[in-house]
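> Protein chains in written order, with UniProt numbering: chain A, 1 to 477; chain B, 1 to 414.
No wet-lab data here; the hints were simulated from the structure. Computed from a predicted structure; not experimentally measured. Using N, Cα and C, we set each Cβ at its ideal position, and we do this for glycine too. One thing to keep in mind: the hints can contain errors.
Derived Cβ-Cβ restraints for the label pairs, each shown as a range [unchecked claim]: (1) A:R198 with B:D96: 38 to 44 Å; (2) B:S119 with A:Q204: 54 to 60 Å; (3) A:R73 with B:S352: 19 to 25 Å.
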Amino acid sequence: MTTMQNVRLGAYYAVHIPRPDDFAFWRERARMLVQCDVPPDRVAWTEPGSSGDLFAGGDTRLPVPDRDARPIRASKRFLSLARNAVLHSDSERFALLYRLVWRQQTQPRITEDKTDPDVRKLEELDKNVRRDSHKMHAFVRFRQVKEQDGEEHYVAWFEPDHHILRANAGFFKRRFANMRWSILTPRGTLHWDGSTMREGPPAQKGDAPQGDPAEDLWKTYYASIFNPARLKVGAMLSEMPKKYWKNLPEASLIPDLIAGAQSREAMMVAAGERAASDRPETLEAIDRAIHQCRQCPIGGLDNQAVMGEGPAGAALMIVGEQPGDQEDRAGRPFVGPAGQLLDRYIEQAGIERRSAYVTNAVKHFKFVQRGKRRLHQSPTAKEIDTCRWWLESERALVQPKIVLALGASAARGILGKTVSMAKVRGAPIPLEDGSELWVTAHPAYLLRLDGAAHEEQAALFARDLAAVKKRLAGLEA
Amino acid sequence: MPHQTILQKLEILADAAKYDASCASSGTAKKNSLGGKGMGSTEGMGICHAYAPDGRCISLLKVLLTNHCIFDCHYCINRKSSNVRRARFTPQEVADLTLSFYKRNYIEGLFLSSGIIKSSNHTMEQMVETARILREEHDFRGYIHLKTIPEADPELIRQAGLYADRLSINVELPTDAGLTRLAPDKDARQIEGAMGGTKMAIVEAKDAKKRFKHAPRFAPAGQSTQMIVGADAASDADIVGKASRLYDNFRLRRVYYSAFSPIPDASAVLPLKRPPLIREHRLYQSDWLMRFYGYQPGEIMQATGADGNLPLDIDPKLAWALKFREQFPVDVQRASKEQLLRVPGLGVKAVSRILIARRHRTLRLDDIAKLTVSLGKIRPFIVTCDWRPTLLTDRADLRRLLAPKQEQLELFAA
Ligand code: SF4
Chain A
1 MTTMQNVRLG AYYAVHIPRP DDFAFWRERA RMLVQCDVPP DRVAWTEPGS SGDLFAGGDT
61 RLPVPDRDAR PIRASKRFLS LARNAVLHSD SERFALLYRL VWRQQTQPRI TEDKTDPDVR
121 KLEELDKNVR RDSHKMHAFV RFRQVKEQDG EEHYVAWFEP DHHILRANAG FFKRRFANMR
181 WSILTPRGTL HWDGSTMREG PPAQKGDAPQ GDPAEDLWKT YYASIFNPAR LKVGAMLSEM
241 PKKYWKNLPE ASLIPDLIAG AQSREAMMVA AGERAASDRP ETLEAIDRAI HQCRQCPIGG
301 LDNQAVMGEG PAGAALMIVG EQPGDQEDRA GRPFVGPAGQ LLDRYIEQAG IERRSAYVTN
361 AVKHFKFVQR GKRRLHQSPT AKEIDTCRWW LESERALVQP KIVLALGASA ARGILGKTVS
421 MAKVRGAPIP LEDGSELWVT AHPAYLLRLD GAAHEEQAAL FARDLAAVKK RLAGLEA
Chain B
1 MPHQTILQKL EILADAAKYD ASCASSGTAK KNSLGGKGMG STEGMGICHA YAPDGRCISL
61 LKVLLTNHCI FDCHYCINRK SSNVRRARFT PQEVADLTLS FYKRNYIEGL FLSSGIIKSS
121 NHTMEQMVET ARILREEHDF RGYIHLKTIP EADPELIRQA GLYADRLSIN VELPTDAGLT
181 RLAPDKDARQ IEGAMGGTKM AIVEAKDAKK RFKHAPRFAP AGQSTQMIVG ADAASDADIV
241 GKASRLYDNF RLRRVYYSAF SPIPDASAVL PLKRPPLIRE HRLYQSDWLM RFYGYQPGEI
301 MQATGADGNL PLDIDPKLAW ALKFREQFPV DVQRASKEQL LRVPGLGVKA VSRILIARRH
361 RTLRLDDIAK LTVSLGKIRP FIVTCDWRPT LLTDRADLRR LLAPKQEQLE LFAA
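Construct the entire structure; sequences and hints are all you get.
Here it is as structure tokens:
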């Protein structure tokens with residue numbers, strides 16, 4: 001009985017592929033089978049480790065084509081896709097490829113038809129394998145080990161999805177030709193000693209070294225090169241899916257970097273939350289920094305920052321709301337009408353202005369332009385809170401015993417919350433560092449009043465200042 | 001300055017480099033380390049070895065040699081008047097870092113730029129020296145990108161090009177007025193002069209290579225530049241116009257756009273808000289349309305709105321199609337490749353698939369669905385044997401129908 005008769009009788013064949021990535025072997029067998037007219041549903045393709053032989057009873061002796069059997073045709077494109085698709089871990093791949101070779105004998109251009117399910121499957125396999133190879137080129141991370149002979153050896157652990165290891169050996173050889181390296185995977189291992197490539201059996205993660213001195217540098221680099229103002233986690237994940245993370249040393253940083261980026265953004269909104277270690281260390285540094293500050297929109301107006309002034313160790317710190325038009329022009333606090341009024345009152349109370357540190361809750365002048373005039377605008381609570389960072393930095397350096405807040409905005413600048421003037425006026429509020437806060441009206445408020453109302457408020461203001469003076473004297477004594 | 005460790009310097013000098021948008025490591029001459037003494041290969045396509053949480057790929061060690069600078073450009077975090085922490089690498093230190101990262105397969109090579117210290121020439125010399133150590137002492141065959149200093153001596157730029165795969169010079173800002181205002185120490189004519197010089201050198205080296213096999217290579221991956229978007233008032237039309245002039249005049253490989261991002265300790269002349277990242281994305285899309293889809297710069301400008309900016313809610317290709325509805329629908333069975341490339345939602349790949357498939361069969365809407373990613377966007381603009389969008393392209397609300405839902409936009413732009 002000839003083999004051709006076998007076929008006609010409808011025999012089944014099983015082809016065992018010796019190595020899961022053996023394209024040449026598959027090609028040779030496929031050619032013979034097509035030449036013997038064995039239709040795809042009569043062939044089972046198995047590879048090492050594949051489960052169950054459905055065709056156990058099949059005639060494994062393959063038919064041999066006649067010498068003059070017609071040549072088999074397959075498009076160039078098909079061959080290049082097939083060479084890659086063979087590396088896929090899909091157990092159906094050999095059958096799919098055989099089916100496509102079979103079909104090409106009667107439909108020579110079938111592989112150009114992207115709407116055909118077999119062709120689409122082939123392309124999908126090819127695409128997955130190419131992606132896996134690409135990720136291997138990218139995500140293999142070598143770790144250095146010193147061998148007994150003192151030579152450096154670079155060892156990587158990688159977990160490919162498909163049988164791509166051998167196919168990609170050349171890439172690593174060309175790149176690291178003069179290095180000694182090994183790539184360990186659960187599917188097999190590669191070892192290059194600078195002149196020859198050796199293949200080895202599958203390895204386990206524990207066989208690879210666990211760390212490398214350069215890893216700290218690499219992680220530092222990874223953390224520093226990323227711009228927290230541009231968080232795009234989705235874009236990162238689509239290129240570096242989580243399944244690869246476990247073998248990338250830098251990936252352990254990602255959760256913190258993402259969380260940190262959000263808080264770094266938030267910090268720009270609420271500067272008060274900045275780390276204490278970032279605080280400027282001198283009043284001059286604060287002065288310089290507030291001129292650059294744009295943490296809130298006021299800094300972007302056409303103005304300059306106004307720094308507080310007075311002796312660094314002053315026992316009294318007087319805080320106003322914000323510089324006005326004249327202060328902004330002069331670059332000094334409390335030089336306009338309200339400042340002159342303040343000077344008069346504190347002199348009356350027996351306080352020397354020169355001995356106090358005078359500053360504002362907000363460092364830039366907020367205004368709207370009306371023709372040539374710049375009209376004062378009250379800062380919002382958020383702006384005051386943002387600028388608080390600077391006020392606190394000043395306070396930390398001046399270390400006053402008493403802080404006198406002029407008006408509700410100034411009080412908010414110290415306390416971080418709004419208090420009712422009626423409730424807090426006239427009595428000290430203890431602050432965390434042991435100093436105390438006194439709150440009174442802003443002198444600009446007095447300027448807006450007249451008649452009886454003015455008399456009443458002026459008296460209250462004088463009373464508050466007198467109380468502060470008395471307390472100061474008591475503290476100094 | 002107290003003694004800094006390599007780790008501390010790296011932290012500062014990589015951080016200072018993070019505002020640079022260019023990172024690509026592709027398109028250079030093929031090299032490998034077989035038969036050499038060192039290591040490294042380039043195989044056409046560059047490899048992204050990691051991705052940062054900002055979605056950008058990391059393929060190169062991107063650092064500054066130093067972030068000290070004698071210039072005072074407002075948009076730059078390293079400007080003289082900024083009080084950032086400063087650090088300085090030696091050329092040897094950068095070369096060592098590059099090699100040690102490369103050996104572990106972390107990177108494709110080095111992208112080195114620098115603040116200007118002492119003088120432009122001195123700085124450029126240090127950068128060239130770094131590349132020299134890598135190439136000559138270590139026979140390094142990976143990728144090197146040097147950001148040249150426009151004011152440096154042309155001879156130094158020539159040396160840089162002999163070691164580097166790619167050279168770049170930042171144009172910084174799309175308009176001369178913006179440059180004058182924000183980078184008072186820089187000069188547009190000098191920057192473009194340097195680009196012209198680099199272009200000449202590249203062209204000459206290519207010619208020589210054709211005639212003499214052993215002629216030295218000069219920046220085989222060409223030159224690129226970067227423009228900051230959103231730091232001045234320049235519109236997208238200005239930017240696209242500038243980019244296309246640069247492409248034409250200097251045969252650039254790429255123009256990178258970097259959305260101005262708020263920098264710590266920012267200068268007061270900068271705008272308060274960063275431009276939406278999506279604007280940068282739209283500019284890259286339009287760049288793509290010009291490079292791969294045959295759009296003329298003028299056509300991109302036609303897609304901008306009254307303010308000269310590209311719409312943010314839809315991509316520039318769709319914006320163009322909505323303005324030139326009379327060009328649609330196109331018949332997928334008969335239309336030319338050029339016409340198909342203009343269909344919103346049809347990419348280069350999909351078009352070539354359609355061209356092949358239609359030789360074999362008459363295409364139905366179903367077939368198109370299989371060949372493309374999403375049919376919804378394409379449908380109003382095509383005709384198949386079983387589909388004709390009659391009045392769709394005339395519908396006044398077509399834009400609303402096709403624009404992605406607002407929430408998506410917000411997410412992306414965040
Ligand atoms: S007002 Fe304060 S927070 Fe706002 S920009 Fe000026 S200094 Fe910064």
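> Decide, hint by hint, whether the structure agrees.
Hint check results:
1. A:R198 with B:D96: 38 to 44 Å: At 30 Å between Cβs, range violated.
2. B:S119 with A:Q204: 54 to 60 Å: holds (57 Å)
3. A:R73 with B:S352: 19 to 25 Å: holds (24 Å)
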